[in-house]
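> Build out the structure end to end from the sequences listed, making use of the hints.
These protein sequences, in sequence, are chains A and B.
Our numbering numbers the first residue of the first sequence as 1 and each following residue consecutively.
Our numbering numbers the first residue of the second sequence as 283 and each following residue consecutively.
These are computed hints drawn from the structure, not numbers from a lab.
A few of these clues could be false.
[Stated by the list, open to error] Below, computed lysine-lysine pairings styled on DSS-like, alpha-carbon distance capped at 25 Å:
{"#": "1", "chain 1": "A", "residue 1": "K149", "chain 2": "B", "residue 2": "K458"}
{"#": "2", "chain 1": "B", "residue 1": "K458", "chain 2": "A", "residue 2": "K84"}
{"#": "3", "chain 1": "A", "residue 1": "K273", "chain 2": "A", "residue 2": "K230"}
{"#": "4", "chain 1": "A", "residue 1": "K191", "chain 2": "A", "residue 2": "K236"}
{"#": "5", "chain 1": "A", "residue 1": "K103", "chain 2": "B", "residue 2": "K458"}
{"#": "6", "chain 1": "B", "residue 1": "K480", "chain 2": "A", "residue 2": "K79"}
{"#": "7", "chain 1": "A", "residue 1": "K236", "chain 2": "A", "residue 2": "K24"}
{"#": "8", "chain 1": "B", "residue 1": "K461", "chain 2": "A", "residue 2": "K79"}
{"#": "9", "chain 1": "B", "residue 1": "K350", "chain 2": "A", "residue 2": "K20"}
{"#": "10", "chain 1": "A", "residue 1": "K79", "chain 2": "B", "residue 2": "K342"}
{"#": "11", "chain 1": "A", "residue 1": "K161", "chain 2": "B", "residue 2": "K458"}
{"#": "12", "chain 1": "A", "residue 1": "K20", "chain 2": "B", "residue 2": "K480"}
{"#": "13", "chain 1": "A", "residue 1": "K103", "chain 2": "B", "residue 2": "K477"}
{"#": "14", "chain 1": "A", "residue 1": "K20", "chain 2": "B", "residue 2": "K458"}
{"#": "15", "chain 1": "A", "residue 1": "K161", "chain 2": "B", "residue 2": "K461"}
{"#": "16", "chain 1": "A", "residue 1": "K79", "chain 2": "B", "residue 2": "K477"}
{"#": "17", "chain 1": "A", "residue 1": "K24", "chain 2": "B", "residue 2": "K342"}
{"#": "18", "chain 1": "A", "residue 1": "K84", "chain 2": "A", "residue 2": "K191"}
{"#": "19", "chain 1": "B", "residue 1": "K342", "chain 2": "A", "residue 2": "K20"}
{"#": "20", "chain 1": "A", "residue 1": "K84", "chain 2": "B", "residue 2": "K350"}
{"#": "21", "chain 1": "B", "residue 1": "K480", "chain 2": "A", "residue 2": "K103"}
{"#": "22", "chain 1": "B", "residue 1": "K461", "chain 2": "A", "residue 2": "K103"}
[What the hints assert, rightly or not] Which chain A residues stay away from chain B? Per the calculated CB distances, all over 10 Å, these:
{"#": "23", "residue": "T42"}
{"#": "24", "residue": "N70"}
{"#": "25", "residue": "L183"}
{"#": "26", "residue": "K273"}
{"#": "27", "residue": "L277"}
Backbone N, C-alpha and C define an ideal beta-carbon position, used for all residues, glycine too.
In case you want the letters, here they are:
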Amino acid sequence: MSIIVDKLNYIYSPGTAYQKHALKDINLEITEGEFIGLIGHTGSGKSTFIQHLNGLIRGTSGSIYFNGQNIYDAGYNMKGLRSKVGLVFQYPEHQLFETNVFKDVCFGPSNQGLEALQVELRAYEALKMVGIDNSLLDASPFELSGGQKRRVAIAGVLAMKPEVLILDEPTAGLDPKGRDEILEQIAKLHKENKLTIILVSHSMEDVAKYVDRLIVMNRGEVAFNDTPRKVFAHYKELEKIGLAAPQVTYVMNELRMHGLPVSIEATTIEEAKEEILRVMKH
Amino acid sequence: MIRDITIGQYYPVDSLLHRLDPRVKLIGTILYIISLFAFSNYYGYIIAAAFLFTVIKISKVPLKFILKGLKAVIVLFIFTATFNLFLTPGKIIYELGFIKITIEGIITAVLMTIRLTFLILGSSLMTFTTTPNNLTDGLESLMKPLNKIKVPVHEISMMMSIALRFIPILMEETDKIMKAQMARGADFETGGLVKRAKSLIPLLVPLFVSAFRRANDLAMAMEARCYRGGEGRTKMKPLKYKGRDLAAFLVLVLYITVLVVINRV
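This is the structure we're talking about:
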């Protein structure tokens, strides 16, 4: 699995008063097994960009190669692409519609044209993957709690067995506990099911702990594309585009300025603690 | 896809027409529509067309954008044209069984299509140049006399402005849900009638749920701000006629006069 984005541009409503250059010359490469964080301020184009990756929006110019094939080629199988690149939208619980949880999760795989038994097996597996208890399978999706609804919706995409899973702000509107649970679940999917994951967020804190690579978008352009540590080193520039590095980055920088020779590379509280202890012991 | 429907949208540019008082535009549109069906000779069409295109020019809304709105009502055009074509009595030029085409039929069909086009262009021009809020403010103020006979004018206009406000929101929501279901392999474009109707369930159920949720939220927010209906309620920006509105009224009167005079020729 690989995705290569080559000089992708997208212009929204060209030729009208609403015209907006939403994506400008995006060049990116995503390889198998990566866990990527896509970060940007509201309106930076991150949601627009991910919808290009499964062909829901067609770029105005440029190309996207999925496994070496240009998805804009005539006759390219878009439906096939959509089952390989699973996209979970923001507030995915708003797409639930069936009479019970199990049937709703079956919607994706049955659209893939699988046999009934296969469909049910996949739905069952997917619900297990997101930690939905068997006792909830017959419940109406509208009776569940916010966090549960979201897991069911994510299962709805997982049941299609995508190779890449893209999640748009999967923690929006959840309480801290629900947020941590969802993020842990996603990290588990990455580790145990070897899924390539793109996690869209506007909170550095959320993603810093999990991702291998951070892509920062600003006004439709890729501003940074590197490991979290290296991106956070630019915390002054990040502030200018309305983002902030995790709080530990600030703490470590302050400590250093006040004469404690800590490394500023820590991105999580755990790492910061270790680093401070290490320096204090000497 | 769904954004292609331009009819009834507001087009945000600054022009003389945008700045006119909504009441002037409402009255103007109604008068224009009536005028379209009042004249009976060919000069009338020329004047109505000239008036319409001048106003479009002033509005600064691109003609292409306005014409796109016609696409949504093309079925109506075909419908009326067909009826006029086959059902007008007169000199028969073509006959096949019970189907008769007359010269008068062709003429009426063409003229009726032109009139309908003007009607739709004229009325959509009003929504292109007037924000929904302004439009309902104008309506409320024009209907005020009806208050005397116990018509709840304020409530009606409040409902209208809420409905209008929700059109773009629900359109966006539809777009989003459609995409979300397409990401799950849903297919809205192919298949027979039954299959297509069935494919709408995953779209309509979430859409209704979300509409109810939004209505509930809005009602709560209005109540939290002590909304109690129109009585004693004042406006932040009350409507006031200005010089340009008077000028616009004069232009309207002039247009009507010219039409009436020409009709006598």
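> Given the hint that K161 of chain A pairs with K458 of chain B, test it: the Cα-Cα distance must not exceed 25 Å.
holds (22 Å)
> Are the Cα positions of K149 of chain A and K458 of chain B separated by 25 Å at most?
holds (18 Å)
> Checking one constraint from the list: CA of K103 of chain A to CA of K477 of chain B, max 25 Å. Satisfied?
holds (18 Å)
> Determine whether the non-interface label on L183 of chain A survives the test: each CB of chain B must be over 10 Å from its CB.
holds (21 Å)
> Given the hinted pair K20 of chain A and K480 of chain B, is their alpha-carbon gap at most 25 Å?
violated (35 Å)
> Quickly compare the C-alpha distance for K161 of chain A and K461 of chain B to 25 Å and report which way the hint goes.
Since the Cα atoms of K161 of chain A and K461 of chain B sit roughly 18 Å apart, the hinted pair holds (cutoff 25 Å).
> Examine each Cβ of chain B, and state whether all of them lie more than 10 Å from the Cβ of K273 of chain A.
holds (40 Å)
> Beyond 10 Å from every chain B Cβ: check whether that's true for L277 of chain A.
Holds, since 46 Å exceeds 10 Å.
> Is K84 of chain A close enough to K191 of chain A, meaning Cα to Cα at most 25 Å?
holds (18 Å)
> Given the hint that K461 of chain B pairs with K79 of chain A, test it: the Cα-Cα distance must not exceed 25 Å.
Cα-Cα ~12 Å, so holds.
> Between K273 of chain A and K230 of chain A, is the straight-line Cα distance small enough, at 25 Å or below?
Satisfied, since the Cα-Cα distance of roughly 19 Å is no more than 25 Å.
> Holds or violated: K24 of chain A and K342 of chain B, Cα atoms, limit 25 Å.
This hinted pair is violated, its Cα atoms lying about 29 Å apart.
Checked against the numbered hints given earlier, this structure breaks hints 4, 10, 12, 17 and 20; the rest are met.
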